[in-house]
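S.K.: Using the sequences and the hints, build the whole thing.
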Amino acid sequence: MEVKMFFKKVKLFGNPPQVGETLPEFTVENAAGDKINTKDLLGKPMVLCSVPNLDSEVCSLETKKFNKKADEFTNVRFVTISNNDLEVQKNWCAAKGVDNLEVMSDFDGSFGEAMKLYIPEIKHLARAVFLINADGKIVYEQIVPQVARQPKYKEVIEKIKELFE
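FYI, the numbering for the sequence shown is 1 to 165, going by the numbering used here.
Wrong hints could be hidden among the right ones.
[Stated by the list, open to error] Listed next, the in silico DSSO-like pairs over lysine-lysine satisfying Cα-Cα at most 27 Å (straight line):
| # | residue 1 | residue 2 |
| --- | --- | --- |
| 1 | Lys44 | Lys68 |
| 2 | Lys123 | Lys64 |
| 3 | Lys90 | Lys64 |
[To be verified] If you anchor each label on the Cβ, the simulated ranges turn out as follows:
| # | residue 1 | residue 2 | range |
| --- | --- | --- | --- |
| 4 | Pro24 | Asn91 | 24 to 32 Å |
| 5 | Lys161 | Lys123 | 31 to 39 Å |
| 6 | Lys65 | Thr27 | 23 to 31 Å |
| 7 | Asn37 | Phe7 | 36 to 44 Å |
| 8 | Lys35 | Phe6 | 33 to 41 Å |
| 9 | Thr74 | Asp108 | 27 to 35 Å |
| 10 | Gln18 | Asn75 | 18 to 26 Å |
| 11 | Asp71 | Lys152 | 18 to 26 Å |
Since the hints were made in silico from the structure, they are not lab data. Ideal Cβ positions, reconstructed from N, Cα and C, are used throughout, including at glycine.
M.R.: Right under this line is the structure:
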């Protein structure tokens with residue numbers, strides 16, 4: 001699969017999972033430095049976002065927006081995964097007041113490889129939003145075709161209401 005980074009087409013690591021498929025096995029690190037695997041994330045509905053770099057304007061806006069939405073949907077787990085290391089993530093969350101969603105690091109690439117969202121050419125994750133049911137089934141996916149653009153928030157929020165309320 002390809003997406004655009006500004007005006008250039010770049011290839012993802014493969015084809016990301018689609019609606020109806022099960023969330024693949026991967027490991028990321030939470031803010032405490034604990035290894036979190038796919039099974040640890042399950043048990044309640046989840047909004048799973050993939051962003052390239054929290055320090056970029058678009059990723060920052062997206063994560064802050066979903067942080068606000070996490071307050072409205074208390075029965076849903078909100079997780080954002082980026083390539084940033086834990087120190088960068090902690091500093092960013094503290095500076096931006098982000099504490100309603102979980103920010104996790106894919107610094108070692110396990111998530112990007114398993115989800116096929118890693119872009120080798122730019123060494124970052126593609127921008128994507130997945131809705132996952134409590135059992136780990138993907139019920140909605142949005143791979144943002146232009147990495148430097150924001151996802152379709154209205155569509156995501158409508159799907160959260162439709163599927164998880």
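S.K.: If you check the beta carbons of Asn37 and Phe7, does the distance land in 36 to 44 Å?
M.R.: Holds - the Cβ-Cβ distance for Asn37 and Phe7, about 37 Å, lies within 36 to 44 Å.
S.K.: Quick check: does the Cβ-Cβ distance between Pro24 and Asn91 fall within 24 to 32 Å?
M.R.: Distance hint for Pro24, Asn91 holds at roughly 30 Å.
S.K.: With the threshold set at 27 Å, check whether the alpha-carbon distance from Lys90 to Lys64 stays at or below it.
M.R.: holds, 14 Å
S.K.: If you check the beta carbons of Gln18 and Asn75, does the distance land in 18 to 26 Å?
M.R.: Holds, at about 25 Å.
S.K.: Holds or violated: Lys123 with Lys64, Cα cutoff 27 Å?
M.R.: Judged against 27 Å, a Cα distance of about 23 Å means the pair holds.
S.K.: Between the beta carbons of Thr74 and Asp108, is the distance compatible with 27 to 35 Å?
M.R.: holds, 31 Å
S.K.: Within a Cα-Cα threshold of 27 Å, do Lys44 and Lys68 meet the stated pairing?
M.R.: Status holds; Cα separation ~19 Å.
S.K.: Using the Cβ atoms, figure out if Lys161 sits within 31 to 39 Å of Lys123.
M.R.: Because 36 Å falls inside the window, the suggested range holds.
S.K.: Mind checking the hinted window 18 to 26 Å against the Cβ distance between Asp71 and Lys152?
M.R.: holds, 20 Å
S.K.: Looking only at beta-carbon atoms, does the pair Lys65, Thr27 fall within the given range of 23 to 31 Å?
M.R.: Holds, since Lys65 and Thr27 (Cβ atoms, about 27 Å apart) stay within the stated range.
S.K.: Using the C-beta atoms of Lys35 and Phe6, is the stated range 33 to 41 Å upheld?
M.R.: holds, 34 Å
The structure shown violates none of the earlier numbered hints.
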